[in-house]
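For the sequence shown, position 579 matches number 579 in full-length UniProt numbering, and the numbering has no gaps at all.
The reader is advised that the hints may include incorrect statements.
Said to hold, decoys possible - Below, computed lysine-lysine pairings styled on PhoX-like, alpha-carbon distance capped at 25 Å:
#1 K33 with K88
#2 K544 with K640
#3 K438 with K544
It is worth saying that the hints were derived from the structure and are not from the lab.
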Amino acid sequence: MNLNITPIENTIEHWRAEFFTNDEFQSTQKDFKNPIIYDLRESIYHELFKILYPEITSKHPLFKQKSKDFIQQKLEEKSDIWVYYPWKNTACRIPSEEDFVKVRTSRNQYKITPQEQKILSSKKVGIIGLSVGQTIAITMAMERSATEFRLADFDELELSNINRLRSGITNIGLKKVIIAAREIAEIDPFIKVKIYPEGITRENLDDFLLTDGKIDLLVDECDGLDIKIIARHRARELGIPVLMDTSDRGMLDVERFDLEPLRPILHGLAEGLNPDTITELTNEEKIPYILDMVSAEQMSARLKASMLEVQQTINTWPQLASSVFLGGAMGADTARRIFLNQYTQSGRYYLDFEELIPDKSAGEAKPTIPQPPDEPDWNLYFHHFVKQLPRKNEYIRLSTEEIESLIRAAAVAPSGGNVQPWKWLLFEDTFYLFLNPKRAFSFLDVDHLGSYLALGAALENFETAAKALHLKTHLQFVSNHEFPNLIASIQIVGRTENHDFTSVAKVHYLYERHTNRLKGSIEKIDADFLEEAENQLAPGQKIKLLTHRSDIEEFAKLVGLADRIRLTHPWAHHDFMSETRWNDAHARETCDGIDIETLNPTVSDRAAFRVLRDWNALSLTADWGLGKGLEKMSRETVVKSGALMMVQSPGCQRDQMLQLGKTVEKIWILAAQYEIGFQPVSPITFLMYRNRLYPNTYHRPWQNALLTEAEDKFKKLFQLDIDYTFGFVFRLFKSTDVVKKSYRLPIHQIFTHYTA
Numbered sequence: 001m002n003l004n005i006t007p008i009e010n011t012i013e014h015w016r017a018e019f020f021t022n023d024e025f026q027s028t029q030k031d032f033k034n035p036i037i038y039d040l041r042e043s044i045y046h047e048l049f050k051i052l053y054p055e056i057t058s059k060h061p062l063f064k065q066k067s068k069d070f071i072q073q074k075l076e077e078k079s080d081i082w083v084y085y086p087w088k089n090t091a092c093r094i095p096s097e098e099d100f101v102k103v104r105t106s107r108n109q110y111k112i113t114p115q116e117q118k119i120l121s122s123k124k125v126g127i128i129g130l131s132v133g134q135t136i137a138i139t140m141a142m143e144r145s146a147t148e149f150r151l152a153d154f155d156e157l158e159l160s161n162i163n164r165l166r167s168g169i170t171n172i173g174l175k176k177v178i179i180a181a182r183e184i185a186e187i188d189p190f191i192k193v194k195i196y197p198e199g200i201t202r203e204n205l206d207d208f209l210l211t212d213g214k215i216d217l218l219v220d221e222c223d224g225l226d227i228k229i230i231a232r233h234r235a236r237e238l239g240i241p242v243l244m245d246t247s248d249r250g251m252l253d254v255e256r257f258d259l260e261p262l263r264p265i266l267h268g269l270a271e272g273l274n275p276d277t278i279t280e281l282t283n284e285e286k287i288p289y290i291l292d293m294v295s296a297e298q299m300s301a302r303l304k305a306s307m308l309e310v311q312q313t314i315n316t317w318p319q320l321a322s323s324v325f326l327g328g329a330m331g332a333d334t335a336r337r338i339f340l341n342q343y344t345q346s347g348r349y350y351l352d353f354e355e356l357i358p359d360k361s362a363g364e365a366k367p368t369i370p371q372p373p374d375e376p377d378w379n380l381y382f383h384h385f386v387k388q389l390p391r392k393n394e395y396i397r398l399s400t401e402e403i404e405s406l407i408r409a410a411a412v413a414p415s416g417g418n419v420q421p422w423k424w425l426l427f428e429d430t431f432y433l434f435l436n437p438k439r440a441f442s443f444l445d446v447d448h449l450g451s452y453l454a455l456g457a458a459l460e461n462f463e464t465a466a467k468a469l470h471l472k473t474h475l476q477f478v479s480n481h482e483f484p485n486l487i488a489s490i491q492i493v494g495r496t497e498n499h500d501f502t503s504v505a506k507v508h509y510l511y512e513r514h515t516n517r518l519k520g521s522i523e524k525i526d527a528d529f530l531e532e533a534e535n536q537l538a539p540g541q542k543i544k545l546l547t548h549r550s551d552i553e554e555f556a557k558l559v560g561l562a563d564r565i566r567l568t569h570p571w572a573h574h575d576f577m578s579e580t581r582w583n584d585a586h587a588r589e590t591c592d593g594i595d596i597e598t599l600n601p602t603v604s605d606r607a608a609f610r611v612l613r614d615w616n617a618l619s620l621t622a623d624w625g626l627g628k629g630l631e632k633m634s635r636e637t638v639v640k641s642g643a644l645m646m647v648q649s650p651g652c653q654r655d656q657m658l659q660l661g662k663t664v665e666k667i668w669i670l671a672a673q674y675e676i677g678f679q680p681v682s683p684i685t686f687l688m689y690r691n692r693l694y695p696n697t698y699h700r701p702w703q704n705a706l707l708t709e710a711e712d713k714f715k716k717l718f719q720l721d722i723d724y725t726f727g728f729v730f731r732l733f734k735s736t737d738v739v740k741k742s743y744r745l746p747i748h749q750i751f752t753h754y755t756a
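Let the hints inform the model, and build the full structure from the sequences given.
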């Protein structure tokens, strides 16, 4: 079907309006391909009459005649011109620039006075990046708050850009600078526009800022960190103010280098970035600077949640037209006030619609977290406990040094999240171990299974240290209804002259023992170590081993899933953040928790942690059933292992878990002797156990479904019998790395010597 359509070239050359006098146009018109003609003179002159004679309203008896005479007079002056838009093959006949501008700006008065409009008519603006940048440019052009625009962007329009960038699908594939320049020309052909379709580089930056006169304002809306920094340094040198909008929470940044020539770049948030070497940084090395510059902690929850999905379910961060247009309005308004000397500050500002127009019925996404029990008044508790104990006339008395050696050894035992859920009491010749209920309270610590493991490890350390001190001990697991926090007692029943060199060596490695969270070697684990590990088992316990690469990789996925579940569950997320120590000073202050440095985080990992701290963002991830990116860090670490070992308990009763803790600690100390890296990777087993017994404590059905599926995979991987109840899993790998150890609570906080 022939529609007889004359094609119009849509190329980069066609972005400027062309001007002709009437004679020039008449002589040239034959060269155009059937142009569309608009004669707009009468309409504009009609408006001009009303502007010049506001007292003669449309109801005035002479309005029609006077306006008609005025229009005729203007037509006879023949001061009009033709404007041709090649990309539209359209020609418009309009009044002179003076009359055109007078009508164009008439509705600005007196929001902008004539004197102010005159000042604005001399202003030049440079804009780098044309998403928000396009909106700022168009808004400023509409208000005519500048009359020269320099536009820079190397990017072309794609369909996905049209969710926020003013354009139609016919412009797909066209440079964004061309689209913006054309729209400005169609709004006001007399505004001067210069384009930089290659974007801004070191080589053309001065041309952009200075050629044909220094610009009066730089608007930075580009994505590249290097150009952001390089352009700001040069703008500061030249005394050019800078504006930036991030299109999230209505954030607007203003840097008045024209008034503050020594002002730190980006309010000091770019400290350490050298414009001469910034291009040498890798993308990963740029991440923390970018997060600082946009104040990551101040980002909206939805943007943070979206960042976690980049390269998972989306390929870049989202932007919305409403935010971009808000940024355009804020940027244009602030630019105008800068030009008119009505705003003289620098700063960072937020115009957050969700705060200004809140849904008061929704409130903040505050997690529902069960509160831990109060910690007992241990002095009173121990007083009542000791009262019911029988007194002895004769018993073995220990020196202060011996007591400290025993408790110090017990105190370095491992515990989930390094919470250290123990409290020790010495009365006469017996040490009593209690569970501290306030510290033994977390989402992972289901039925105190994790705490019992830790207490079992502490008991094992105590007994090992006692043997090294030539002390004979008698350990009993204790159940006491009156004192339910009592776990075990260890009586010092005698001394021996025999030197237990094995225990002395074990004490050394007991202190050397640590959690190695680094990526390790995939070399096979020594057979001698594996055989000795088997020898540490208590009756009823079993060892299951994964050594095939495919099996390790499959289990690594389950470990990653555990992180995803933990971080998208309110209680577990709260625990994770409560246990994390963000720097060494924080770790030293609390003497518990996990120092982030022990994770050996990459730059990307550190950036992710800044986002992960916000439950409002993670709550959205949970609601959407997303968060695959949360699995990455642990998964990539676990695959770098020589083997995965599970010690299986015959049951989950308290005494069985205490015994499991003792066994795991024996194997852990053994690993230290063999210079084998050791890291528990068992959160998944606790999560599966909780899902099995208390499925309603998970608030999202997708979490239950994934954990049920994970348990099936887990059982197949480890070839578990139908009678499986619980196992503790850890990764093993050859390592001589020097790893930072977690701090421990001081002895006076975990131990009481009752002498009354």
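Here is how each hint holds up against the structure:
A threshold of 25 Å between alpha carbons decides the hint, and for K33 with K88 the separation of about 11 Å falls inside it, so the pair holds. Restraint check for K544 and K640: satisfied, since their Cα atoms lie roughly 19 Å apart, inside the 25 Å limit. Only pairs whose Cα atoms come within 25 Å are accepted, and K438 paired with K544 is rejected, the gap being roughly 33 Å.
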